[in-house]
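There are 2 protein chains.
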Amino acid sequence: MRMSELSRRSGVPVATIKYYLREGLLPPGERTSRTQARYDESHVERLALVRALVESAGLSLARTRQVLAAVDTPQSMVDLLAGVTEASCDDVGGRGRARALVDRLGWSEVPESGDAMGRLEEALAALEVAGLELPDGQLDRVGALMGEVAALEVDGIPADDPAAAARYVLVGTALVAPVLQALREVGHVHHSVRRFGAGAAVATDPGQ
Amino acid sequence: MRMSELSRRSGVPVATIKYYLREGLLPPGERTSRTQARYDESHVERLALVRALVESAGLSLARTRQVLAAVDTPQSMVDLLAGVTEASCDDVGGRGRARALVDRLGWSEVPESGDAMGRLEEALAALEVAGLELPDGQLDRVGALMGEVAALEVDGIPADDPAAAARYVLVGTALVAPVLQALREVGHVHHSVRRFGAGAAVATDPGQ
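Just so you know, the protein sequences line up as chains R and L, in that order. As numbered in the working numbering, residues 1 to 208 make up the first sequence, in order. As numbered in the working numbering, residues 1001 to 1208 make up the second sequence, in order.
Accuracy of the hints is not assured; some may be wrong.
Derived coverage of chain L by chain R (criterion: at least 3 residues anywhere in the stretch with Cβ under 8 Å from a Cβ of chain R; other residues may be distant) [claimed, not checked]:
| # | region |
| --- | --- |
| 1 | 1113–1127 |
| 2 | 1131–1138 |
| 3 | 1145–1156 |
| 4 | 1180–1193 |
Far from chain R by the CB rule (all over 10 Å, computed), these chain L residues [stated by the list, open to error]:
| # | residue |
| --- | --- |
| 5 | 1002 |
| 6 | 1007 |
| 7 | 1013 |
| 8 | 1014 |
| 9 | 1019 |
| 10 | 1020 |
| 11 | 1023 |
| 12 | 1033 |
| 13 | 1038 |
| 14 | 1040 |
| 15 | 1051 |
| 16 | 1052 |
| 17 | 1141 |
| 18 | 1172 |
| 19 | 1173 |
By construction, these hints were calculated from the structure, which means they are not laboratory data. We put the CB at the ideal spot given by N, CA and C, even for glycine.
Use the sequences and the hints to build the structure in full.
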């Protein structure tokens, strides 16, 4: 199909498609003349994916490019999930908080390297900086619950279709995150109504 | 203290402090001359909070301003958690997916309005756009788990100190989110090693 039909089918404006082509988020079509190219179903699918990552999940262009590269490159499921890349392997120092937590959770197979462990360490350090450290007990219970969420997701990975599996994992990790965060926030409302009552007034004026 | 000492105490460069002052993220000090002002402990604390929100939690300036305004303004705990603002109340249409899920979870006290329900609806719609809709059963189990996380957090809210409570809730909601997401990703690694083995090769070349 031509670009105009690709635009109609995908609902993405022609100017945006051209931008994605320039940025390398969409592979070029098959050239049919000096000024025209032909696109196929794979382009329609890829556009839906790019759109979801950029517009819905709010990923940066750089992060979207990483996710797409990972989808397109053969690697082991575990490396894929761990985000183990050369770039992330040089810094494995200073992950004491993350390691201690992961060990308490009994997740001892998790390698020290990898983006996920680095992000966990950073996130725990940020809580400390803000003076909001969680007690170990609460952190462990929250960790166990997030482990159950992760287990449900890993169980859902299709084992017989590696390409579908990679897509499921990478896109799911990015797009399910906002669902979980929103569920947590709605859960806050639900539980605070139960604990404090619907009209519970809180004077939060720090001047008092 | 002078700005130079505020900078030393907080570890935030003078230029950045001036920027936060201009943007209204930090209240002005008490003017002592035409060119100087005095700052106190409240400025040190506020700077730590701004830094955590902007640098660690990665909130935008606009969102940081909202969180700080909410911390500084008396409102009920439930409104605080729901993010019920005038701006968010005009659009309560088209939240069918979120409402259905929240009803299945038995969270019937949660009002239709509010930012959290809006974000849940958007996040569920984004999954659908990407062709990654979760089956109701899985969504319900994940929702129940996130509800348990939220319950733990609401239980931890200090009931006797409203200002501390507001800070805990708002800052916690922003700063704990990256911890949960990182725990989920590390959990993916743990459970995929268990399911697929450490070396499980996945050929994800979509050209095959």
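Hint check:
no.: 1; hint: 1113–1127; verdict: holds (count 12)
no.: 2; hint: 1131–1138; verdict: holds (count 4)
no.: 3; hint: 1145–1156; verdict: holds (count 12)
no.: 4; hint: 1180–1193; verdict: holds (count 14)
no.: 5; hint: 1002; verdict: holds (23 Å)
no.: 6; hint: 1007; verdict: holds (16 Å)
no.: 7; hint: 1013; verdict: holds (16 Å)
no.: 8; hint: 1014; verdict: holds (20 Å)
no.: 9; hint: 1019; verdict: holds (19 Å)
no.: 10; hint: 1020; verdict: holds (16 Å)
no.: 11; hint: 1023; verdict: holds (19 Å)
no.: 12; hint: 1033; verdict: holds (25 Å)
no.: 13; hint: 1038; verdict: holds (18 Å)
no.: 14; hint: 1040; verdict: holds (13 Å)
no.: 15; hint: 1051; verdict: violated (7 Å)
no.: 16; hint: 1052; verdict: violated (4 Å)
no.: 17; hint: 1141; verdict: violated (6 Å)
no.: 18; hint: 1172; verdict: violated (6 Å)
no.: 19; hint: 1173; verdict: violated (7 Å)
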